[in-house]
Amino acid sequence: MSEMTIHLKIWRQARGETKDSQKSQGRFVDYTVEKVLPEMSFLETLDLLNEKLTRQGQQPVEFDSDCREGICGTCGLVIKGTAHGPNPKTTTCEVRMRHFRDGETITVEPFRAGPFPILKDLVVDRTAFDRIQQQGGFVTANVGSAPDSNAVPIPKLDADKAMDAASCIGCGACVAACPNASASLFVGAKISQLSYLPQGGPERGRRALLMIGQMDREGFGDCSNHGECEAVCPKEISIENIARMRREFFKGALGGHDRKAATGD
Amino acid sequence: MSTFRSHVWSSVGKKMITGSTGLMLVGFVAVHLLGNLTLFIPDRGHAFNAYAYFLEHAVHGWLILAFEAGLLAVFGFHIVSAVTVAWTDKRKARPVGYALVRNAGGKSRKGLPSTSMIVTGLSLAVFVILHVKMFKFTDHPAVVHDGKEMKDLYAVVVAAFKQPLIAGAYVAVMGMLGFHLRHGFWSAFQSLGWNNDRAIVVLENLARVVAVLFAVGFLALPLYILFFVDPSVSGGHR
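Order-wise, the sequence lines are chains A and B. Heads up, the first sequence is in this note's numbering, so the first residue is 1 and it goes up one at a time. Heads up, the second sequence is in this note's numbering, so the first residue is 266 and it goes up one at a time.
The hints are simulated quantities; they were obtained by calculation from the structure and are not laboratory data. Treat the hints loosely; a few may be bogus.
Mimicking DSS-like on lysine-lysine, the simulated pairs with C-alpha atoms at most 30 Å apart in a straight line are [unchecked claim]:
(1) Lys357(B) / Lys89(A)
(2) Lys401(B) / Lys413(B)
(3) Lys235(A) / Lys355(B)
(4) Lys251(A) / Lys235(A)
(5) Lys372(B) / Lys251(A)
(6) Lys235(A) / Lys9(A)
(7) Lys251(A) / Lys355(B)
(8) Lys120(A) / Lys9(A)
(9) Lys413(B) / Lys398(B)
(10) Lys372(B) / Lys89(A)
(11) Lys427(B) / Lys416(B)
(12) Lys9(A) / Lys357(B)
(13) Lys372(B) / Lys235(A)
(14) Lys89(A) / Lys156(A)
(15) Lys357(B) / Lys235(A)
(16) Lys9(A) / Lys372(B)
(17) Lys156(A) / Lys372(B)
(18) Lys251(A) / Lys156(A)
(19) Lys120(A) / Lys89(A)
(20) Lys120(A) / Lys357(B)
(21) Lys80(A) / Lys355(B)
(22) Lys89(A) / Lys355(B)
(23) Lys413(B) / Lys427(B)
(24) Lys427(B) / Lys401(B)
(25) Lys357(B) / Lys251(A)
(26) Lys80(A) / Lys357(B)
(27) Lys9(A) / Lys355(B)
(28) Lys120(A) / Lys355(B)
(29) Lys80(A) / Lys372(B)
Starting from the given sequences, assemble the full structure and let the hints guide the process.
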């Protein structure tokens, strides 16, 4: 295997630099990594760089990763101007070095959005997503023994659509890629998923109102229907979920029986 | 905390306002375009002036007033909500931008029409003001058709479009209208929630058709007048 030399232009930012002021103090630092193999993953190349930096007594580049097989949603970088790198349907950890040329300079940035403050270098705080989920991304049910499978009949198409929406891993690439830094694809997927299923029915209205309310309070932008989110989504979540989210919101705002619970009035 | 107003001015509500008012404006522009077609009739502006006369005098002049007031409100809501979405909220949501941005391609609908909505939209707003000033709030010569004295709007239009600079500017602005509709038309349906994976194919193609039809329909007129109408027989100051 031919070894590659890769030049990296990486965003470095010390901890706590943007906590208060939104103005960034970070900067790009150029690094060169030698002996990169084409079959290596992009994150392994960063690992290689970090080993070198550690040996030299320098601070390693911090980035998030966990499963490294594209299912957990922890990793997330903007590589060469695209969230999760240049290939569609992949997470950052699935990007391989064979997609780059020997001697290429690759720009690496964190997911940028006001509600995703940078913790350090390439690590961003995505707990805004958790707070949105806590507002209604669940079904309130008494716990008991598990129900029999197929006890509740669900049409095949609805089950498929719910599953498609449920495949969202909450990585935040939709926000990163959106020109407006909107979280609509994430919230759309979470709201749609439950709206297709009978179990999600009773809380539909309040779920849409509360989750969208939280999304707005977190400071995400408004969706302008660019559809860039769908293109970078590693799970190919369709923007039809955003349309569905808007229908759910409209019905909820007009006031179903569950509106009172949401608003307290 | 959760009031009607907070729903209307939520991220979803703002898009619904932009989308619904956008579709109303498409309806208005369609009627405007149909009315303009009377200019292509080689009758020295008879049909066009009669149409303008009808609009100004229908229901004792109340019809046009009601429509103008409605249009003003629709334009107002459309502009305020859209500028909030594509300018103020957008800047707040990403205070630090990317050093490098590349379009992802594939299923993305991001392109020049979608990213230039704010530019084409604000240009069109400025255009509408100038356009109304140019043709409505100006001195119209009088003309007599069928024994009725009416404004000779036709003469004003021909005099304007005989100037290559004005005709050229109109062609450019109508190109912008096409761009605006290419994204705005299907996007309005998406914003109102009237979309899914199958409908989007139809809506996007429809947006292409509407964009070309409206842009060509409107820019053909100044070009037609510039090149094919003889000003010496226009007007009708007989």
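Hints, one by one, checked against the model:
1. Lys357(B) / Lys89(A): Answer holds: lysine 357(B) to lysine 89(A) is near 29 Å, not above 30 Å.
2. Lys401(B) / Lys413(B): holds, 20 Å
3. Lys235(A) / Lys355(B): holds, 25 Å
4. Lys251(A) / Lys235(A): Measuring from Cα to Cα gives roughly 28 Å; hence the hint holds.
5. Lys372(B) / Lys251(A): Holds, because 28 Å separates the two Cα atoms, which is no more than 30 Å.
6. Lys235(A) / Lys9(A): This hinted pair holds, its Cα atoms lying about 27 Å apart.
7. Lys251(A) / Lys355(B): holds, 26 Å
8. Lys120(A) / Lys9(A): Status holds; Cα separation ~16 Å.
9. Lys413(B) / Lys398(B): OK: lysine 413(B) and lysine 398(B) at ~25 Å, within 30 Å.
10. Lys372(B) / Lys89(A): holds, 11 Å
11. Lys427(B) / Lys416(B): Within the cut-off at roughly 19 Å; holds.
12. Lys9(A) / Lys357(B): Since the Cα atoms of lysine 9(A) and lysine 357(B) sit roughly 26 Å apart, the hinted pair holds (cutoff 30 Å).
13. Lys372(B) / Lys235(A): Answer holds: lysine 372(B) to lysine 235(A) is near 13 Å, not above 30 Å.
14. Lys89(A) / Lys156(A): holds, 24 Å
15. Lys357(B) / Lys235(A): holds, 28 Å
16. Lys9(A) / Lys372(B): Within the cut-off at roughly 28 Å; holds.
17. Lys156(A) / Lys372(B): This hinted pair holds, its Cα atoms lying about 25 Å apart.
18. Lys251(A) / Lys156(A): holds, 24 Å
19. Lys120(A) / Lys89(A): With a Cα-Cα distance of about 27 Å, the restraint between lysine 120(A) and lysine 89(A) holds, given a limit of 30 Å.
20. Lys120(A) / Lys357(B): holds, 21 Å
21. Lys80(A) / Lys355(B): holds, 22 Å
22. Lys89(A) / Lys355(B): holds, 26 Å
23. Lys413(B) / Lys427(B): Holds - the C-alpha atoms of lysine 427(B) and lysine 413(B) are around 27 Å apart, at most 30 Å.
24. Lys427(B) / Lys401(B): holds, 18 Å
25. Lys357(B) / Lys251(A): holds, 28 Å
26. Lys80(A) / Lys357(B): holds, 24 Å
27. Lys9(A) / Lys355(B): Between lysine 9(A) and lysine 355(B) the Cα gap is close to 26 Å, so the pair holds against 30 Å.
28. Lys120(A) / Lys355(B): holds, 24 Å
29. Lys80(A) / Lys372(B): holds, 19 Å
Taken one by one, the earlier hints all hold for this structure without exception.
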